Structure formats: structure tokens, C-alpha cells
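**Q** So you can see what is in the structure, the chains are spelled out below.
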Amino acid sequence: MRCLLIFLCSSILSFSAWADYQLTPKKIAENTWLLEGSTENFNFENGGNIVNAAFIVTDTGVVVIDTGPSLAYGKALRAAIATVTDKPVIQVLLTHHHPDHVLGNQAFADVPIAALAGSKQLLQEQGNHMAENMYRVVGDWMRGTEVLLPSQLVEAGVLTIGGHPLQLLSLTGHTGADLVILDQRTGVLFAGDLVFYQRALATPNTPGLAAWLADIDTLEKLPWTLIVPGHGPLASDAQPFVQMRDYLTWLDSALREAAQTGMDMNQVLRLPIPERFAQVSLTRYELIRTVSHLYPLYEKQQWQRLDQD
Amino acid sequence: MNTRIIYALALTLTSCWAHAVEGDPQPSVMWEYFHQRLLDNADFVFDEAVKVSVPPFAEDARQVPIEVDARALPGKVERVMIWAELNPIPQVLTLYPSAELEKFLAVRIRVEQATPIRAALLMDDGIWHVGSARVEAAGGGCSAPSVVRAQEGWEDHLGEIFGARFKAGDNSRLRLSVSHPMDNGLVDSIPEFYVNQAELRDRSGAVLARIDLFSAVSENPTLTLGIKGHPETQLWLRDNNGNEFTADIP
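So the sequence lines, in the order shown, correspond to chains Z and C. Going by my numbering, the first residue of the first sequence is number 1, and it counts up by one from there. Going by my numbering, the first residue of the second sequence is number 310, and it counts up by one from there.
No lab work stands behind these hints: they were computed from the structure. Everything hinted at is true.
Each pair of labels, with its calculated beta carbon distance range:
(1) Pro223(Z) x Ala423(C): 48 to 54 angstroms
(2) Glu146(Z) x Gly449(C): 15 to 21 angstroms
(3) Gln460(C) x Arg270(Z): 30 to 36 angstroms
(4) Asp465(C) x Arg136(Z): 37 to 43 angstroms
(5) Glu146(Z) x Ala423(C): 25 to 31 angstroms
(6) Ala211(Z) x Val338(C): 45 to 51 angstroms
Below, a sample of chain C positions facing chain Z; criterion: calculated Cβ distance under 7 angstroms:
(7) Asp369
(8) Ala415
(9) Ala447
(10) Gly472
(11) Phe554
(12) Thr555
(13) Ala556
(14) Ile558
Remember, it's a predicted structure, so these values are computed and weren't measured experimentally. Where a beta carbon is used, it is the ideal one built from N, C-alpha and C, also for glycine.
Input sequences plus hints: build the corresponding full structure.
**A** Spelled out as C-alpha cells, the structure:
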């Protein structure tokens, strides 16, 4: 009897655990599909589906861009692909090493998974720690998820797959190793997390906001027709670039001025956020994180060596 | 049977004893313990005039910024104690300020888990005025490998002091950071090695503030102090291995 109860309970639990991500691919251009995540933070309800993944159905097979936050997401993504094409998945491209973009890799273990060399190294160094944290913040959605490193490295250049010439750019602003993909056939720009739109940008591995601003300039000059941000809604105008530049510039000057006036961290994370960013989600949350990541660098610029040696 | 009753009784008693105290803005089973151990069971009041600020969550559990602002509290401060209630190394610092100091300080600490943070100011009325805050944390800040020690040649930079004095109206804010691993003895069999004494002195050498530091303080300790006027000062530090470091703050 007890066994039966345990069996029933566990089967109910495991059933609800796979409460699925309800991924519905949206066609955004010729052969090109988007799975848009929410602009919330990770939580137990969204299972980490706060990210944009995409795929291109080329003549020879499907190219997947980012695999999502969990094994379950990766599986759901693969199932969603199967609802729009019979063609096999033949290539995965990872934009960068952050957990919400790569922890679905296991569902694509039979496919070449490519990333920049820097992304592979960062995932090797930080992956397990990031995955552990994901278990903490989204819970059972992560069941069975483990870090699977990329099996292939890519560099800047053009990679043509099934009639789609994909221009690959190797940039640094968000994590130090950020892959951007411009499909020269459709003009769709898969910007990865170099572009957050209507969602505050995250800075855990950025080499600095100046490098990020330079990358935004590089991206804007490309011959794109459609921007797929790493987080936030699709755009056919330059608005995501405008917002990123505005936000990065504000953040940079706010941190610099705070350091110049001798503020400690708690004062900085209480700073007012300009009204014009009101529609951008999670600004306060990300400011708190950014102060931890970057403020020490701004402080150092204002300090002198004082010891007598 | 009897044993069971005794167990039950013991459990009830312990749980009563471990109850959070009434009026505590950050109810914690450890309050009584620290009231006894650190404040010597002396009179205290939870006082909103002692504002303790921390981020709502620790993005980096090895560097959690704490700010204590009691400028709204009248009277003279005899002593300030800061601790992180659920830390393996709870005590952060004890400050003995002179009248030249403002009732403002900031420091960065390590936390091992989500915890209430307390700042208690012993005022000249003999009462501890206690401010509280709580920081969420995934944890591991106290047992994480040292960032300093991972850097090649860190020994060459030991004791380098960086900082500046910033004008804040009639007063000044001193911001100071010293290169030191602040080993707390909880990581990789590395014994305790941390700065445990500090003094802020005026140009004549008179002590403006004495601080006892504990190894809950982060690596490369960062300290912010408020001081009246715009004086030039000196900082003196000593670690538990006897190394002394000094700096002039113009």
C-alpha cells in the first residue's frame, strides 16, 4: 500500500515536473523561427524561460541558436522544432556561456554544438557553479540538467549552411566572448546578450561598459533588417541599440560620478534610476548586481596609493 | 518512556530559549546568544535611528557591502559592534570612536548563508542601540577559495593601501582599501591570516578611532569612515602575523 502511494505521488510529481515550457515557435523571417522568453527574472514559475532561442530551417537541416536554461527546455525546443519541420537539427550555435543560453545542450548531444573558444573556457570554469545556482532559483525544472561543453569551436567569419551564409562576429562586451550571428540571406541579426531590450542588461562577466558600447556601434553598422535580442522583444528598427546605448552610458556615468563623490556600494545601489527607463524591467535588480561586479573598478580609478613603502 | 518525556521537555525548553526576542525587526534565534556573548547581557533597544543597509541579496557572498548610518542618533558613541548573526565567523568589527568621528561607516564582509546583520552602538547612556538588516545569499562566501591568493605574486602587494578622502559638506568621508587575503581559516587548510587591528590617527598621532577587525571582513578589506571637518589623517594596520602597514591620507 505504502509502495503504491509512493509510486502514485512520485509519478504525479514527475508528471508535474515536466509541466512544459509551452514553447511555440514564431516565424519571424524566411525559414527563421523565434522562441521568445519573458523579461522576468528566473523563478519557479517560468523555469528559467527568460531567454530568446531561435532556429533556422536551412536546405540541409536546422541550425539552432542557443539551447535554453535546462535539459527540459532543450527537449521542448527540439519538440517545437519538429512541429514546423521534418528536417534534422544539424548544428547548434551558442552565443555565450551563460546558463540560460547553454544548459539545454544535453538535448542536442547528438549534434555539433559550436561556440567561441572563450565561451567554452568560461563554461568549463563557471558552468557547474552557474548550474547549481539555477537549481536553486528555478527548482525542479532543472531536473537532470548538467553542463555539456561545446563540441566544436567557431571563429569570426562566414559559415554557410544549407543556403544561409551566416556571418559570425566575435565580440566581447557582455561576457568577454560573445558570438553574434547575422544571417546574410534574411538580414536577421541574432545579437545574443549584447542586446537586452526592455530588460535591464546583466554584467557578471563584462570586460567593461566601454567595450560593450563599442560592440553596440559595431552591431548597428551591420546590414540587418531584424534584431533578435538575447532578452526582450524582436525589433525591426534600431530602438534596441538606442536603448542599450542610452542605458550603458547612464550606467557608466552614474558609477563614475558615485566613485568621484566617495560613495560606498549601498549608496550606489540606491541611486535613482531615470524615469525614461521605467519600461525596462529589472533595472533595480540588475543595478544591484552591477554595483557588485563593476563598482570596485570605478572606485580604484578614484583612489591613490597611500602607504609608505 | 521516561527518556522520551525528558527529550520532549528538553526540546520544548530549548525551543523556548531559542525564540526570537520581541520587537526584533529581524527575528533570529541567535539574538539571545549574541546579546549575552557580545553585549554582555547589557540593556539594549532596537533603534530605527541606527540604519543598517545591505543589498537585498548577495550578488557576491565574498564581498557583501554593509553600511551603518546612525547620524540621526543623538549622543556620544562609546563603541560599535557589527556582526552577521548566522555566519561561522559572526563578528565583523568593533570600533572605538573618538568625538571626531561621524556616526557613519561602511565595510564589506563575507557571508556563508542568508543572515541578519546587526550593528550595535553603545551610547553614553549605557544602552546598546541596535540596528538590523537581512541579506539573502546563496552562500559559500566564507568557504570560497581566495581570489587574492589566486593572483600570481600577491605577496608582493601585501599591505598596499589605496584610498582617498572625499569632501561631504562640512565633513569628510575616508575610503580605504588594503591588499590582504584576510584568510579566515575555513579554506584549504590555510591558517588564519588577517588584519585584526586598525587605528586612524591625526597628524600628531592622537587616535581618532581604534578598530578590532575579524576575519568575516572580506579580502582586500574596504572601509569607509565619516570624519568631522577635513583633516589629514594616518592609518595604521596590523595583521595577526605582526605585519604592520601605515598610510597617510591627505
